[in-house]
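Modelling step: build the complete structure from the supplied sequences, incorporating the hints.
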Amino acid sequence: MDRSLTTTIIALATLASVSGCTAATQPAPTQAPAQASGGVNQALIDAARKEGGVVWYTSVETSLAEEVARKLEAKYSGIKVEVNRSGSERVMQRVMQEAQANVKAVDVIHTSDAGNFVELKEQNMIVKYAPSAVEKWGSNFKDKDGFYFAWRSSMAVPAHNPTIISAQEAPKSWQDLLDPKWKGKMVSAHPSYSGTIVTWQAAITDLYKNDYIEALAKQDVMLVQSAQDPVTKVTSGERPLAVNGTDYSYFNDKKKGNPVEVIYPSDGAPLITSPSAIASEAPHPNAAKLFTEYIFDLEAQQTLVDNGLYSGHPDAKYPSDRKKLSDLKLVTQEDTKLQKQAEELKKAFTRAFGS
1 MDRSLTTTII ALATLASVSG CTAATQPAPT QAPAQASGGV NQALIDAARK
51 EGGVVWYTSV ETSLAEEVAR KLEAKYSGIK VEVNRSGSER VMQRVMQEAQ
101 ANVKAVDVIH TSDAGNFVEL KEQNMIVKYA PSAVEKWGSN FKDKDGFYFA
151 WRSSMAVPAH NPTIISAQEA PKSWQDLLDP KWKGKMVSAH PSYSGTIVTW
201 QAAITDLYKN DYIEALAKQD VMLVQSAQDP VTKVTSGERP LAVNGTDYSY
251 FNDKKKGNPV EVIYPSDGAP LITSPSAIAS EAPHPNAAKL FTEYIFDLEA
301 QQTLVDNGLY SGHPDAKYPS DRKKLSDLKL VTQEDTKLQK QAEELKKAFT
351 RAFGS
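Be aware that the sequence shown starts at 1, since it is given in the working numbering, and climbs by one per residue.
Treat the hints as calculated values from the structure; they're not laboratory data. Just so you know, not all the hints are guaranteed correct.
What the hints assert, rightly or not - Cβ pair distances, simulated, as ranges:
hint, residue 1, residue 2, range
1, K136, Q100, 47 to 55 Å
2, G354, Y208, 18 to 26 Å
3, S236, K136, 35 to 43 Å
4, K80, Q302, 19 to 27 Å
5, N102, K218, 41 to 49 Å
6, L328, S236, 55 to 63 Å
7, D179, E299, 42 to 50 Å
8, K128, L178, 38 to 46 Å
9, K323, A101, 26 to 34 Å
10, E73, G39, 19 to 27 Å
11, G237, K323, 34 to 42 Å
12, G237, G39, 19 to 27 Å
13, Q302, L178, 25 to 33 Å
14, N140, Y208, 39 to 47 Å
To be verified - Below, in silico cross-link-like pairs of lysine to aspartate or glutamate (EDC-like), each with a Cα-Cα straight-line distance of 20 Å or less:
hint, residue 1, residue 2
15, K254, D297
16, K104, E281
17, K136, D297
18, K255, E122
19, K324, D267
What you are looking at is a predicted structure, and each value in this text was computed from that prediction instead of being measured. We treat Cβ as the ideally placed atom computed from N, Cα and C, and that holds for glycine.
Okay, here's the thing in structure tokens:
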């Protein structure tokens, strides 16, 4: 678990009072039929209702997480979803710290760093469970061993404020961001907080080695934390050009009437796959299975698409103004490679930017 120890360790005593559901306050889990391959049946629903709820650690935008949670609660009365949202690397840090403290709080884990799930699988911290809907999905959305699946996908791409930077003037490639005219005008999220940005940096490093990050750091780039943070700086005009961030956060802000336009770089857009898995020590294992079935089924997947994300579900319908993944030049990362690279990528970023 060396990876989890590279971030600041929060006092373990504080973990005993995790909000909502803790191992100390919950009744013993009820049992539904054992399943490695999923499917919803009445026995599972009844067992989930006896457990009362599910605790979800997620890196998806809070408003979207809450929307998904409320839809599940409406579909299955008597089951409450406790949403705990943070950046991917903070989610992973919390999961690891709770495991070290023998705190059994989380049921379902979701981050935007696919490398996290390689580590969780290696540490026997997630269970093998395949929701029934993923039988239809492509292999690039699945762990080959059936422990985790890409619940959502997006791209880490630049964006600009069109009231300040015109479409004609806006950068067209990653290399264009290094033009001196953009010095002091850009904002970037940080890989030590965001799994999306870890994957973005891995893709950029594959394209241009560490030289690119070092050159970018000389551009006086403002640093923020989450991959959802750059959009606020861009739409306000404080920094009219974002180096990275999630395309769906830009898409949603544009729908609200805010001034932001996505840039799909000609040299490739990093594809971010964001897995989900059930914790092996889940205090509500049946509710976790039912929750997992729901979030991968079409209703929840369509909710993701309607909020600007991409889905592995073949029946999800996209709005006419969204680019299809097949229309874009994508840069993808292999999960195991990403896990091995992650800490060195973060260190390289910190060395270059000094924070």
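How the hints compare with the structure:
At roughly 38 Å, the beta-carbon separation of K136 and Q100 lies outside the given 47 to 55 Å, and the hint is violated. Taking the beta carbon of each, G354 and Y208 are about 20 Å apart, inside 18 to 26 Å as hinted. Look at S236 against K136: about 41 Å separates their beta carbons, and that is inside 35 to 43 Å. At roughly 23 Å, the beta-carbon separation of K80 and Q302 lies within the given 19 to 27 Å, and the hint holds.
For N102 and K218, the hinted distance range of 41 to 49 Å is satisfied, since their beta carbons lie about 46 Å from each other. Separation of L328 from S236 is about 28 Å and departs from the stated range, judged on CB atoms against 55 to 63 Å. Evaluation of the 42 to 50 Å hint for D179 and E299 yields a pass: the beta carbon distance comes to about 45 Å. For K128 and L178, the hinted distance range of 38 to 46 Å is satisfied, since their beta carbons lie about 45 Å from each other.
Between K323 and A101 the C-beta distance comes to about 44 Å, which lies outside the given range of 26 to 34 Å. Taking the beta carbon of each, E73 and G39 are about 21 Å apart, inside 19 to 27 Å as hinted. Range check, G237 to K323: Cβ separation about 25 Å, and the 34 to 42 Å hint is violated. Checking the proposed 19 to 27 Å range against G237 and G39 shows it is violated: the Cβ atoms sit about 50 Å from each other.
A hinted range of 25 to 33 Å is violated for the C-beta pair Q302 and L178, which are about 39 Å apart. Distance hint check for N140 and Y208: the Cβ-Cβ separation is about 24 Å, which falls outside the suggested range of 39 to 47 Å. Between K254 and D297 the CA atoms are separated by roughly 27 Å; this puts the pair beyond 20 Å, and the hint is violated. A hinted pair counts as satisfied when its Cα atoms are at most 20 Å apart, and K104 with E281 qualifies at roughly 6 Å.
Restraint check for K136 and D297: the C-alpha separation of about 11 Å stays at or below 20 Å, so the hint holds. Distance restraint check for K255 and E122: the Cα-Cα separation of roughly 41 Å exceeds the 20 Å cut-off, and the hinted pair is therefore not satisfied. Pair hint K324 plus D267 holds up; C-alpha atoms about 17 Å apart against a cutoff of 20 Å.
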